[in-house]
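S.K.: For reference, the chains in residue letters:
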Amino acid sequence: MTTFLRDTATVLSREIMPPLREPVGLLFTMGQPLLFLFLFGALLDGAMGASWQWFVPGILVMMSLTAPMSAGYLLLMELIGGSMERLMVTPMSRTAMLVGRTMKETVILLCQAVLIILLALPLGFRPHPAGVLAGLALLLVLGVGLGALSFVLAIRSAPGGTLFYMVMEVVLFPVLLLSGVLLPVESGPAWLRVAGQLNPITYVVNAERRLFSGDLVHPSVLHGLVASLLLAVLGLWLGTRAMRRGV
Amino acid sequence: MIHARGLTRVFKLKKQRVEAVRGIDLDVEEGQLIAFLGPNGAGKSTTLRMLTTLLPPTSGTATVAGHDVARDPAAVRARIGYVGQKNGAGETFRVRDELVTQGRCYRMTRREAAARADELLDLLDLRPLAKRGPNTLSGGQRRRLDIALGLVHRPALLFLDEPSTGLDPKSRAEVWSHILRLREAYGTTLFLTTHYLEEADSMAERVVVIDNGEIIADGTAEQLKNDLAGDHVTITTATEQDAATAARIGAAVSSEIANGTTVRLRVANAAAALPEYLRALDAAGVKAVTAETTRPTLDDVFLTLTGRSLTDDDIPA
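Sequence lines, in order, name chains A and B.
Each residue of the first sequence is one higher than the one before, counting from 1 in our numbering.
Each residue of the second sequence is one higher than the one before, counting from 1 in our numbering.
It is worth saying that the hints were derived from the structure and are not from the lab.
Glycine included, each C-beta is placed from N, C-alpha and C at the ideal position.
Among the hints, a few may not be true.
Said to hold, decoys possible - A few chain A positions that, by computed beta-carbon distances, are all more than 10 Å from chain B:
1. F36
2. L39
3. A134
4. Y165
5. L172
6. L176
7. E186
Stated by the list, open to error - Distance windows between CB atoms, simulated:
8. L163/A x N259/B: 48 to 56 Å
9. Y165/A x R264/B: 50 to 58 Å
10. T3/A x G6/B: 32 to 40 Å
Could you put the whole structure together from the sequences, leaning on the hints where they help?
M.R.: Here's what the structure looks like:
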């Protein structure tokens, strides 16, 4: 177990070094959520009177959906180059390679989420203090699951990589729209509502909205937590399996 | 150091079975420098990937550095170094950071890993590049970094997959001088694959020729050449008619043909055969304009064994 923890620390410190050396890069990977926050959020505010309380939690979930894209992309690049192979020949634990990487992604996600929240405060975002902490914790669970799943996808796509881009293109945006991040799905036609209910992210978005408004014991919170945990378990299980099988 | 028995790897490609490696038996003693020679697609890399635990064998066994690759891969990994065909350093990282990480991967303490990284930066002349990203290095510099990454834990056995492919002659020579120095200083066992004939010829003590997933020859370069190819005697004559006569006389000792005014004979010992042959030509009234003897190359060996030249393009899949 101690070697596992040491290996995880090794992977985490390797992965975290480039963003630590150049933190500005993090802002660029946040481009899309920031754009939505300032442009779309302001529109929404004027057009529908939707509150920031409703919109910002969605933006945070949106960010945890797009972040894995860069996580998987980085792994894919290492798989296509020789650096992953080089690491696979060392005695380091395969699971630690996955967990360490996922941890780095969640650390980054946490920093970005805090930044979004801080940026939204002057716009009029007034989150519930305890709810923020609970909301961030839930977001991290989701980040672990999605991060691990994007690693699985990267491993499956190597060495070509086409599959990775295809799935990201085809899956990501519909999942995003159907989760009600940008506009409420409830006001759509029946088939859209059903599709939304099949989307696990919908539950996380609803839970985040409840949490940020201080509604900590609402049933949606439980649903969101279950959805996130299921994704996390699934991602880590598939990821560890893929790593063990050899890259 | 390496004992492989019946090592086999089958890939399934579009529902077709592709036997990349077919039952390889191989023993490598400590301290040897062995070159795995073969055309692209012969199974060199696949064999290497099995020996380095990157790929589980479909069947057969291999013991590497005292441990079974399938049963105890972690123990094998702790004892071997591997320099792959592609560059080992990640693009988004710095040279020295990657060396330190590599040490940490072998469970060195942070301090040990840092000290070792600095040692290797000096050993492989990478010091000025310590803070650069790998994508800013030249091909030769990147290769030296790859070798440094493979040496971090001072392995007794180092695998190198095409270490000099794609490098200019100067960088190739540099990489080789580092490899050979390493061997002299630490007695490292070196197992490398190459498709450069001259390299296998001049550097390796033992050459294992692989084709179509099977080992077809194994020995020192000299042995292979003597046993399988033989020397060449080449003469040119003034006329094609003379060449035809010369070829007929030569047919008694060899089977080679005339090509225009050139006649090439394959003999066991060219230095001894040449004077005799020239006397025979004299007696027949054929005047040889030029005469030379050549030692065979490993390509001749490969040609004899397979009927194909190694320098031809990739074998059809």
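S.K.: So which of those numbered hints doesn't the model satisfy?
M.R.: none
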